[in-house]
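J.: Just so we're aligned, residue 1 is where the sequence shown starts under the working numbering, counting upward by one.
Among the hints, erroneous ones may be present.
Calculated pairs, DMTMM-like style, for lysine to aspartate or glutamate (alpha carbon to alpha carbon, straight line, at most 25 Å) [claimed, not checked]:
id: 1; residue 1: 251; residue 2: 154
id: 2; residue 1: 98; residue 2: 134
id: 3; residue 1: 283; residue 2: 100
id: 4; residue 1: 172; residue 2: 154
id: 5; residue 1: 283; residue 2: 243
id: 6; residue 1: 366; residue 2: 243
id: 7; residue 1: 98; residue 2: 154
id: 8; residue 1: 251; residue 2: 239
id: 9; residue 1: 209; residue 2: 243
id: 10; residue 1: 366; residue 2: 412
id: 11; residue 1: 172; residue 2: 204
id: 12; residue 1: 279; residue 2: 188
id: 13; residue 1: 138; residue 2: 188
id: 14; residue 1: 127; residue 2: 154
id: 15; residue 1: 283; residue 2: 188
id: 16; residue 1: 64; residue 2: 134
id: 17; residue 1: 330; residue 2: 308
id: 18; residue 1: 155; residue 2: 397
id: 19; residue 1: 225; residue 2: 200
id: 20; residue 1: 254; residue 2: 239
id: 21; residue 1: 127; residue 2: 423
id: 22; residue 1: 347; residue 2: 331
id: 23; residue 1: 155; residue 2: 423
id: 24; residue 1: 138; residue 2: 200
id: 25; residue 1: 127; residue 2: 45
id: 26; residue 1: 172; residue 2: 141
id: 27; residue 1: 155; residue 2: 278
id: 28; residue 1: 127; residue 2: 108
id: 29; residue 1: 279; residue 2: 141
id: 30; residue 1: 127; residue 2: 309
id: 31; residue 1: 366; residue 2: 331
Now the in silico label distances, taken between C-beta atoms and shown as ranges [as the list claims (entries may be wrong)]:
id: 32; residue 1: 199; residue 2: 285; range: 44 to 50 Å
id: 33; residue 1: 97; residue 2: 412; range: 53 to 59 Å
id: 34; residue 1: 88; residue 2: 222; range: 26 to 32 Å
What the hints contain is simulated information worked out from the structure, not anything from laboratory work. For every residue, glycine included, the Cβ atom is placed at its ideal position computed from N, Cα and C.
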Amino acid sequence: MKLEAFSGIEAIFKGSWRTLLRLLDICLSPGLHCWLIIVRNSTVEVFAPDWVREVQRRSLHATKYTTPIIAKLALEPRFLNERNKIEKWFGTLPEDVKPDIQNRLRGESSHQHYGAYYELVLSAFFKELGYFVDIHPKLDEGEPDLLITGNSLEKPIVIEVATVFDDPLWQKEQRKLNQILERLARIEHYFLVHVSVQSDHIPEIVDYKALKQFVVQWLDSFDPKITHKIHKVRYKLGELKLELWLLPLKKPRKTSIVGGSMLPARFIGGQQLRRALEKKINKYKSVKKLEWPFVIAVSLADASPLDEENIIDELIGQKQVTITMSQDGKETARELRRDYGGLLTPKPGLGGRAQNRRLSAVIHIKSTWMENGEQRTRAHSVSVIHNHWADIPVNTEFLRGYPQLVCSSESDSLVTFDWVDRDSAMSFDC
């Protein structure tokens, strides 16, 4: 705070509010004409101490099964390095975008948190490569996440971040299972228990008291001194069906019983990924008029069962294998093609015209937790899948040295894609 007075008084105020009131009283004294100008120097932080204390208060009764990712990130010592990196990246942002990024980073919704997180990661990544980054630039349809310029780019590149999560229904089942695990984790015994869900859906209302009573009685029926094999039991109450596995400890001691869990097996599709890509493609149509490349940066959330191959499938079609057999049943030829279901693939029914040509490329950003003593940090890697049919393509020099899937040959009936720098081990940890 700064004190300026017409009488020549000028000082930097660093005292308490009580002292400030005394100064105000002096300034308002008869015969003394002065201005008191108060300037509050406040630094916007993601992990501000007051906010961290509030998170800690709200998390007092939560367990690892129900604690939001942001609470773990804010409170656990092992994430200190990651917190410092986020704070460093956040500090480089323009002041006008900080409130939005801060609110989303702090959100208990994983969708909001990871969306803001990867905007920070990519902003830092492109700056590290020597590009200029404008975060949340203004276009006709809104504000895309990043605008990349400089470093010999012929045109600005618009980048929109898409974080893809698991199917919402499956996420709901996981949350309900986490509620069960949280209750069971309060039980301490001499054995661990693996919980396998057998019912198609976990009911909305679970009798946790009955479940805990059943588990305790079952575990009490075994002597930890002589029990060295795995035992199984089925639990059924209403629509809830569980298979419980008793896992003996090498050295019997009382501990929280949860030793693992599993939801039923399921088919893994790419519907969520496809919807996310379509939503981003359809949102920013003005990039075609501007003649700027448009890139979607896809991050598959930690809990997502999808991978890079799923991204390729949704863009250029699912793999199809055609096997030719001889009369005696021997394989004579094998041909690998892709169907016409990709978002970018030319459709025979549309006269061979490619769709979504304003999409220039898709960046796949993958993050891996790395151990560093007791503290965990994340290393990030990227690969690029180019749209061969794009109206405004992205030059491979944009991310030279990183793996890039490009068209290597084309004929009237066949387009071949190959990886460039596929074995590149380049990663970044800005």
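J.: Determine for every hint whether it applies to the structure shown.
T.: How the hints compare with the structure:
1. Using a Cα cut-off of 25 Å, the hinted pair residue 251 and residue 154 is violated, with the two alpha carbons roughly 66 Å apart.
2. Note on residue 98 and residue 134: the hinted pairing holds, with a Cα-Cα distance of about 13 Å set against a maximum of 25 Å.
3. With a CA separation close to 20 Å, the supplied pair residue 283 and residue 100 stays within the 25 Å bound.
4. Straight-line distance between C-alpha atoms of residue 172 and residue 154 comes to about 46 Å, which puts the hinted pair past the 25 Å bound.
5. Among the hinted pairs, residue 283 with residue 243 is inconsistent with the structure: their alpha-carbon atoms are about 46 Å apart, more than 25 Å.
6. Pair hint residue 366 plus residue 243 does not hold up; C-alpha atoms about 34 Å apart against a cutoff of 25 Å.
7. For the given pair, residue 98 sits about 29 Å from residue 154 by alpha-carbon distance, which is inconsistent with the 25 Å threshold.
8. As the CA atoms of residue 251 and residue 239 are separated by approximately 36 Å, the hinted pair breaks the 25 Å bound.
9. This hinted pair checks out: residue 209 and residue 243 have alpha carbons roughly 17 Å apart, not beyond 25 Å.
10. As the CA atoms of residue 366 and residue 412 are separated by approximately 35 Å, the hinted pair breaks the 25 Å bound.
11. The hinted pair formed by residue 172 and residue 204 meets the criterion: a straight-line CA distance of about 10 Å does not exceed 25 Å.
12. A hinted pair counts as satisfied when its Cα atoms are at most 25 Å apart, and residue 279 with residue 188 does not qualify at roughly 47 Å.
13. For the proposed pair residue 138 and residue 188, the alpha carbon gap of about 56 Å is over 25 Å, so the pair is violated.
14. In summary, the hint linking residue 127 to residue 154 is supported, as the alpha carbons are separated by about 17 Å, within the 25 Å threshold.
15. This hinted pair does not check out: residue 283 and residue 188 have alpha carbons roughly 52 Å apart, beyond 25 Å.
16. Note on residue 64 and residue 134: the hinted pairing is violated, with a Cα-Cα distance of about 37 Å set against a maximum of 25 Å.
17. Taking the CA atoms of residue 330 and residue 308, the gap is near 33 Å; set against the 25 Å cutoff, the hint is violated.
18. Distance check on the hinted pair: residue 155 and residue 397 sit about 13 Å apart at the alpha-carbon level, within 25 Å; holds.
19. Proposed proximity of residue 225 and residue 200 is contradicted: the alpha carbons are some 37 Å apart, above 25 Å.
20. Between residue 254 and residue 239 the CA atoms are separated by roughly 31 Å; this puts the pair beyond 25 Å, and the hint is violated.
21. Distance restraint check for residue 127 and residue 423: the Cα-Cα separation of roughly 24 Å lies within the 25 Å cut-off, and the hinted pair is therefore satisfied.
22. For the suggested pair residue 347 and residue 331, the alpha carbons sit about 30 Å apart, so the restraint of at most 25 Å is broken.
23. Under the criterion of a C-alpha separation no larger than 25 Å, the hint pairing residue 155 with residue 423 is inconsistent with the structure, at around 29 Å.
24. For the given pair, residue 138 sits about 46 Å from residue 200 by alpha-carbon distance, which is inconsistent with the 25 Å threshold.
25. A distance of roughly 21 Å separates the Cα atoms of residue 127 and residue 45; the hinted pair therefore holds under the 25 Å criterion.
26. Among the hinted pairs, residue 172 with residue 141 is inconsistent with the structure: their alpha-carbon atoms are about 32 Å apart, more than 25 Å.
27. Restraint check for residue 155 and residue 278: satisfied, since their Cα atoms lie roughly 24 Å apart, inside the 25 Å limit.
28. At most 25 Å may separate the alpha-carbon atoms for a hinted pair to count; residue 127 and residue 108 exceed this at roughly 28 Å.
29. A threshold of 25 Å between alpha carbons decides the hint, and for residue 279 with residue 141 the separation of about 13 Å falls inside it, so the pair holds.
30. A C-alpha spacing of about 28 Å is found between residue 127 and residue 309, which places the hinted pair above 25 Å, so the restraint is violated.
31. Distance hint between residue 366 and residue 331 is unfulfilled; the C-alpha atoms sit about 38 Å from each other, more than 25 Å.
32. Between residue 199 and residue 285, the C-beta spacing of about 45 Å keeps the proposed range 44 to 50 Å intact.
33. Evaluation of the 53 to 59 Å hint for residue 97 and residue 412 yields a failure: the beta carbon distance comes to about 48 Å.
34. In this structure the supplied range 26 to 32 Å is violated for residue 88 paired with residue 222, their Cβ-Cβ distance being about 52 Å.
When the structure is compared with the earlier hints, violations turn up for hints 1, 4, 5, 6, 7, 8, 10, 12, 13, 15, 16, 17, 19, 20, 22, 23, 24, 26, 28, 30, 31, 33, 34 and for no others.
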